[in-house]
Structure formats: structure tokens, C-alpha cells
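Q: Read off the chains here:
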Amino acid sequence: MELVVAAAIGILTMVGIYLLLRAHTFPVILGLTFLSYAVNVFLFAMGRLTIDRPPVISPDAMGYTDPLPQALVLTAIVISFGMTALIVVLALRGYLETGSDRSALDAPRRTDEEGRS
Amino acid sequence: MTPLDHMIILPVILPAMTAAFLVLALRHHLKGQRTVSIVVTALLLGIATFLFAQASDGTVRAYRLGDWPAPYGITLVLDRLSATLLLLTAVLALCVAVYAAGGVDGRGRHFHPLFQFQLMGINGAFLTGDVFNLFVFFEVMLIASYGLMLHGGGPARLKAGFQYVAINLLASVVFLVGVGLIYAVTGTLNMADLAMKVPQVAEADAAVLKAGALLLFLVFATKAALVPLHWWLPATYAGTSAPAAALFMIMTKVGAYAIIRVYGLVFGAGAGPLALAAAPFVIPAALVTLGVGAIGLVGSRTLRDLSAFAVIASMGTLLVAIGLFDTAGLSAGLYYLVHSTLAGAALFLIAGLVQEQRGAASDRLLPAPAMAGETLLGGLFFLAAIALVGLPPLSGFLGKVMILQAAQAAAIWPWIWALILAASLVMTFGFARAGSVLFWASGPASESRAPPALPLAAVVLLLGLTVAWTLAAGPATDGLQLTARQALDRSAYIGAVLGPDVRLATGN
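The listed protein sequences derive, respectively, from chains R and B.
Just so we're aligned: 53 in full-length UniProt numbering is position 53 of the first sequence, and the numbers increase by one with no gaps anywhere.
Just so we're aligned: 425 in full-length UniProt numbering is position 425 of the second sequence, and the numbers increase by one with no gaps anywhere.
These aren't lab readings, by the way, just hints derived from the structure by calculation.
Where a beta carbon is used, it is the ideal one built from N, C-alpha and C, also for glycine.
Hints may contain errors.
Residues from chain R that face chain B, not an exhaustive set, calculated with beta carbons under 8 Å [stated by the list, open to error]:
no.: 1; residue: L20
no.: 2; residue: L21
no.: 3; residue: A23
no.: 4; residue: L30
no.: 5; residue: L32
no.: 6; residue: S36
no.: 7; residue: V39
no.: 8; residue: F42
no.: 9; residue: L43
no.: 10; residue: L72
no.: 11; residue: I79
no.: 12; residue: G82
no.: 13; residue: L86
no.: 14; residue: V88
no.: 15; residue: E97
no.: 16; residue: T98
Coverage of chain B stretches by chain R, computed from C-beta distances (three or more under 8 Å per stretch; other residues unrestricted) [unchecked claim]:
no.: 17; stretch: 42-52
no.: 18; stretch: 139-147
no.: 19; stretch: 154-163
no.: 20; stretch: 181-188
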């Protein structure tokens, strides 16, 4: 199981970084989403991989799984979900107002100056 | 606990409640929003002053939310360092709120609620005693800052905004990876608990923990605009509105604060095999940052770009001082931090006024018809420039002298001296060029109205505070020395958060 989880995190991160380095906004957003999936699984694994155990310490149970990373993941999911929604809106607005979805800065800044002068 | 003990949480709760109230009750009343926002920010200044006075007795105060014992519950910690930065935030916020009330806040919607949410995040980041809550408050601060950055709109701002959001989302992911690694090794995220457990980490785990610590450093360096992670800053600060950029001055300082907190306390001098994990990288990177800032400043084509590069240069100087990780360096750094926040914010606000006054020429560094109120604005710009470059007699000069003195302790002090002095020279040239183009080389006056009163008052207030900070240098340095000593003192912090018994047990 360790190998599967580790490989999954690795592949998600790889895909995320590759997409993040694209010059258009949509792949960048997808890349960020992949990265946030990777980090969520990673955080889970940081509480050690345990299955079929309750997240609470009780005398009846054989053992327990660390509940704290699960709480951290929950917070991280909520935050990354909100952020992704925001950046999608931002990218859409940018596309509608400038007519291009390039995420590079130099181009629009130059056209902005030319437009004014 | 007496009611006064609960004051510690007010800098977080008050802006949060105010923001919600502004959105729900005063949605369409800009005047009402302005009044409430300014009154609440003034109230925040009062609270911060009270907390500062409270922290000045030298004890570290821990506030346990819901009285859950540390390290299980959420802890807020008030010491001299966090109290100083809370006070600075409140002062800056009041000036920015007054400036924004001069009309900028009416160009988009919800300026004041976003402003209050941002204050909540910044105050929380300064108060939290927990690495994961630091992440949460970073995010609160960033979500609000995305809104503020885009406030008022425009295609250029949208593009710069996308980059700003993307780089910060990436930084958040890296933050979480760092937090995960640290948790995996130590089993805790409470800073006091970490400070206690990090020195005892098994040798086999030390490498993993160090990887986590350095990943966190990358995140804080991104926030603090340390080279090579500074590329987002010029476009963001130059692309947004003047009051938002002025408020963002404190956001780079949040990065610097986190570096002090995490690498002074948790991975500080007493952290065993991981002592000063980030220290070898800070000063070299800070020196390059200073150089890049100074060169960028000379090459800027607009006053706002110039201001943004001045921020980068000042962050470089500040991090050189912090990177020394000793009392002298840290107290010099804190003096410079307060100065650069006030003077930098003043410069951004002046750039905003110039942009309004010059009409079509905006703030580009090209000859244009003279603007109304040119003498006054020119004088204010001159003062802000002197302060930021670090020429006598203003506080920038004193701050730089203190940093140069403290740097003598470092092995590479000739490099530090040479670069700080050379950068000051280059920056003087850059500011002189900008000032002469903007205020001297102007043609016959065109018709434009006099600068609006409220924003002008905010700029004068900020520059007045810079002057006051210069005059108060003696007592301020004494206080900051105590602050620096306390910030690097692990045992007091651990004792306050985890209880005195723990301190005895570990013998720190």
C-alpha cells in the first residue's frame, strides 16, 4: 500500500507541476488542483497509513488512527476549494476582458501602456 | 482569567465581526462603511496599544481558546514581538483607511469588508502560536488580499492578480507539505511544543524534519519577497490601488515575522542538530534581493514600479539584519522594519496621489504638464525618498547604521557593508531621477484640482510617524533590544505556553 500511495502522490505532483508551468491560465488552474490533491493525500500519509482503525482512542479498539491529519486535510480541502473557485472566476474575467488566456505578465503590461500612449 | 486577559483575541475577532457587519448591514452605504471601518480601526489601535503596554512588562502571555490545554488546543501568544507588530499594523491600517475614505474605496464594491478581513488575517498571523493556524491565518489574509488587490478592476490588474493568486496557491501547497513533514516527525504543530521536541529528534528523522523546515522557509521567503521568489511582488504592488499596496507593506513583514518566529524559536540556536536550519540561506539571498531591488528601482518606468522595487530593496536590508539571528541584528532589523513599513506605505500613497493628479500621464516617469499641488507632493516625495534610501536625518539612516553595526558580527560583513552602501547610492540615483522628472521637468500647468484632503492627511500622518520614529530612536532601540532578546528566548515562550513544569523538565 505504501508504494501505491507514494506513487500516487508522486504522479499527482508531477502532473501538477507540469501543468503549472504552462503559459495559459486553464492548465495552470488544473495544475494547482492536481497539486492540492497531491498534498491532501500526502497529509493523510503523514499520520501514518492505518486502515480499519477508529480515529479515537478507546479501550475496546485494537488501536487508533491519528485523527489530526484528517482534520488538517479537511481544512486544507475547504481552503483549496475556495481558492480554486476564486482563481477560476479570476481567469474567466481576465479572458473576457483581455481576450487572451495567457498567464504571462509582460504581454498585457506592454499592451496596457501602448493602449494609453 | 480576568476579562482583560481576553483582550488578546480581540484583534482577531473585532475585524472579523466588523467585516461581517459591513457586508450584511451596510452593503450599499459607502459612507456608513467608511465611518464604521475607520472607527473600528481606531478602536483596534487602542486595543493594540493596550496589548503593547501589557506585553511591555516582559512576560509572554498565552491565550488558550476554549481553555483547551496546549498543545492540543488553539493557542494565541502575545509577547513583545507580536505586540509591536500588532501596533504597527493598527497604525498603518488607520492611515490606509483614512486614505481610502478619500474616494478610492468607492471604485469597486466591498473595500472596507475586505480590508477588515485582511486585518483579521494579519493580526491572527502575528498572534498565533501554532504552525497550522499560521497557515490558516495566512490564507485568511491572502483571500482578503486577492479581493483588495483586484479592487477597482482593469485588465492589467486582473492579469497581475492571476499571477499573484497562482503563486500564493502554490506557496500554500508547499506550506502544507512542510507542515506535513514536520508533523510526521514530531507529532505536533504547536510552536512551543515543537521548540521542545525538535532538539530531541532522532538522527534518522532529522533529515526529513530539515526538509520540512526548509520548505516552510521557501514559503516565508515567498511572502517576504526574497530573491529568487520575489517576481510576483512588483506586478502585484504596482498593479493594485494605492491603499491596497500600502496595506500590503505589512504583508511582506508577515513573512519576515514568520521567519523570526519559526527560525528564531523552533529551529533557533538551541535546536540541536537542526539549529539555525535556514540561516545559511538568509543573508546571501537577502543581499541579492537588495541588489535586485536597487537595480530594478533605477530601471522603473512608473512611480508605482519604483515604489515596489523600493519595497524589495528594503526587504533585502531587513532580512540581512534578521539573518544574523542574534539580539543586535534582530533589534536593528525590527527598528528598520517599522521604519520601512511606514515610509514604504507613504511612498505608495504618494504614488497614488501623483497618479490621480497627473491625469493622462498617470505616474509614468515622463515629462508632463505640471500638476496642482506639485510643490506639496514633491516635498512629501522628497521626505519619503530620503527615508527609504536611508539618508540622514530620517529613520532609514539610523536603521541602516544599526544594521551595519550589527553585521560586524557576521563573517561576510565586508559584503554586507559594500552591498548596503552601494545599493543606497544606486537608490538615491533612482529616486532623484524619478523626482526630477515628476516634479521639475514639467511643462506649463494644466487644469487639475488640488489634491484631496483626506488622502493627503494620511500621507502627512505616515511621514510624521516616520519623523517621530526617528526622534524616538533612543527609547525605541532600548525597547526593541528587549523584544529581540525575548523573541530568541526559547524557555520563556515554552514556559508560557506549556506551563512552567515543562520548562523544569527539559532544563531549558
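Q: Run every hint past the structure and note whether it holds.
A: Right, here's what the structure says about each hint:
1. L20: Interface hint status for R:L20: holds (7 Å vs cutoff 8 Å).
2. L21: The hint is violated - R:L21 has no Cβ within 8 Å of chain B, the shortest such distance being about 11 Å.
3. A23: For R:A23, the interface hint is violated, since the closest Cβ of chain B sits about 12 Å away, which is over 8 Å.
4. L30: Cβ of R:L30 sits 12 Å from chain B, so the hint is violated.
5. L32: holds, 5 Å
6. S36: holds, 6 Å
7. V39: holds, 5 Å
8. F42: Because about 5 Å separates R:F42 from the closest Cβ in chain B, which is inside the 8 Å limit, the hint holds.
9. L43: Result: holds, 5 Å to nearest chain B Cβ.
10. L72: holds, 6 Å
11. I79: holds, 5 Å
12. G82: Since the shortest Cβ distance to chain B is 7 Å, the answer is holds.
13. L86: With a minimum Cβ separation of about 6 Å from chain B (threshold 8 Å), the hint on R:L86 holds.
14. V88: With Cβ-Cβ at 10 Å, over 8 Å, it is violated.
15. E97: holds, 5 Å
16. T98: Holds, because the Cβ-Cβ distance from R:T98 to chain B comes to roughly 5 Å (cut-off 8 Å).
17. 42-52: Answer violated; 0 residues pass the 8 Å Cβ test.
18. 139-147: holds (count 3)
19. 154-163: holds (count 8)
20. 181-188: holds (count 3)
Violated hints, in rising order: 2, 3, 4, 14 and 17; the structure is consistent with all others.
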